[in-house]
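Start from the sequences and build out the full structure, keeping to the hints where you can.
Each residue of the sequence shown is one higher than the one before, starting from 5 at the first, in my numbering.
Honestly, I wouldn't trust all of these hints.
[Unchecked claim] DMTMM-like, lysine to aspartate or glutamate: derived pairs with alpha carbons at most 25 angstroms apart:
| # | residue 1 | residue 2 |
| --- | --- | --- |
| 1 | LYS309 | GLU298 |
| 2 | LYS273 | ASP144 |
| 3 | LYS273 | ASP146 |
| 4 | LYS273 | GLU213 |
| 5 | LYS309 | ASP146 |
[As the list claims (entries may be wrong)] Pairwise CB distance ranges (calculated):
| # | residue 1 | residue 2 | range |
| --- | --- | --- | --- |
| 6 | CYS263 | THR187 | 52 to 62 angstroms |
| 7 | ASP144 | ALA302 | 22 to 32 angstroms |
| 8 | VAL304 | VAL8 | 53 to 63 angstroms |
| 9 | PHE301 | ALA61 | 21 to 31 angstroms |
| 10 | ASP180 | ARG69 | 17 to 27 angstroms |
Because the hints were derived from the structure by calculation, they are not lab data.
In this text, a Cβ means the ideal position worked out from N, Cα and C, and glycines have one as well.
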Amino acid sequence: MSTVPPPTISVLVSSYNYAPYIVEAVQSALAQTQPPLEIVVVDDGSTDDSVARVRAAFADQPGIRLIEQANAGQLSAWRTGFAASRGQVIALLDSDDRWSPEYLARVTATYQQMPSADFVFCNMRLFGTVERDLHAPGADRDLGLSVVLGSFYPRWQGVATSGLTLRRELMGRLLDLPPAMATQWVTRPDDCLVVGADIFGAHKVYIGEPLVGHREHERNALAGYQRSRLQNARYSYRVAGMLAHYRQRAGITDQWLSCAKAEFRTKPKPRLRELGWYWRLLGMANLPILQRWEQRFAIVGHYLKGLRA
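Shown next as structure tokens:
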């Protein structure tokens with residue numbers, strides 16, 4: 005039994021023109037078996053009746069705070085909500101998604117049982133036009149640290165917005181982008197959180213039970229969207245700029261590649277693909293050939309140990 009007190013959790017709902025869904029999203033946060041400290045709803049200049057619906061549905065709920073701002077994109081809405089929040093952990097919820105009632109209880113218990121965790125994310129159940137689990141339900145996973153991985157061979161170790169929770173200090177660092185860069189992330193700012201958290205040394209934990217409902221519908225921000233080659237290139241530039249900013253902030257240099265073996269060992273039960281990632285990272289490191297192969301054999305040994313555990 006952990007003697008660490010449970011963290012307080014602020015729910016941050018960003019809303020833009022999802023009037024048919026916003027009330028259900030907020031109700032799912034209210035219906036948690038482990039109530040949050042507060043629910044902050046930031047309306048990002050909706051032109052439908054989202055604001056009116058929230059006011060009508062939750063006028064008698066003192067734990068819900070509604071903030072309106074001119075349309076500036078989801079990253080801006082997060083910044084506004086974050087500044088108004090008080091919780092030690094921020095749980096993000098898109099206005100067209102919903103949570104299972106036990107979601108925050110599981111998140112809270114994970115932070116309480118693993119005080120070193122900075123970033124807890126959860127498997128999802130897709131619903132609406134598609135009905136399936138995002139990933140096969142399974143055991144929770146301790147992903148350890150991924151500073152070297154995120155800096156030199158970034159991999160997506162997360163889920164969409166509504167399954168993400170972060171400690172307050174980490175969220176503040178990730179939202180601190182230069183103004184010109186912040187305006188580039190009107191959509192898909194969860195890329196900044198998921199990849200940036202690795203670079204900043206977040207200890208990540210994955211909840212394998214699908215406790216988050218991700219709505220699939222024709223109005224999803226990326227539903228049916230196919231980028232042209234030009235758009236793909238511009239998106240790549242945007243990601244590269246974001247990664248370079250976070251690496252500079254974290255003081256990452258090529259010398260950090262020599263830490264790949266130590267980082268891999270922070271993952272109690274790494275998977276085969278993760279072994280492949282770190283094998284590649286050690287190939288990038290400026291190490292004498294014998295030392296490189298010694299470290300590669302060491303990470304293989306750690307992988308095999310995890311299989312036997």
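Hints versus structure:
Pair hint LYS309 plus GLU298 holds up; C-alpha atoms about 17 angstroms apart against a cutoff of 25 angstroms. Between LYS273 and ASP144, the direct Cα distance comes to roughly 11 angstroms. Compliance with the 25 angstroms bound is thereby established for this hinted pair. Distance hint between LYS273 and ASP146 is fulfilled; the C-alpha atoms sit about 8 angstroms from each other, no more than 25 angstroms. Proposed proximity of LYS273 and GLU213 is supported: the alpha carbons are some 18 angstroms apart, at most 25 angstroms.
Of the pairs offered as hints, the one joining LYS309 and ASP146 holds, with about 15 angstroms between alpha carbons and a cut-off of 25 angstroms not exceeded. Judged by the Cβ atoms, the range 52 to 62 angstroms given for CYS263 and THR187 is violated: they are separated by roughly 34 angstroms. A hinted range of 22 to 32 angstroms for the beta carbons of ASP144 and ALA302 is consistent with their spacing of about 26 angstroms. Look at VAL304 against VAL8: about 35 angstroms separates their beta carbons, and that is not inside 53 to 63 angstroms.
A hinted range of 21 to 31 angstroms for the beta carbons of PHE301 and ALA61 is inconsistent with their spacing of about 60 angstroms. In this structure the hint that ASP180 and ARG69 lie 17 to 27 angstroms apart at CB holds, the actual value being about 23 angstroms.
In the structure shown, a violation is registered for the earlier hints numbered 6, 8 and 9, in ascending order.
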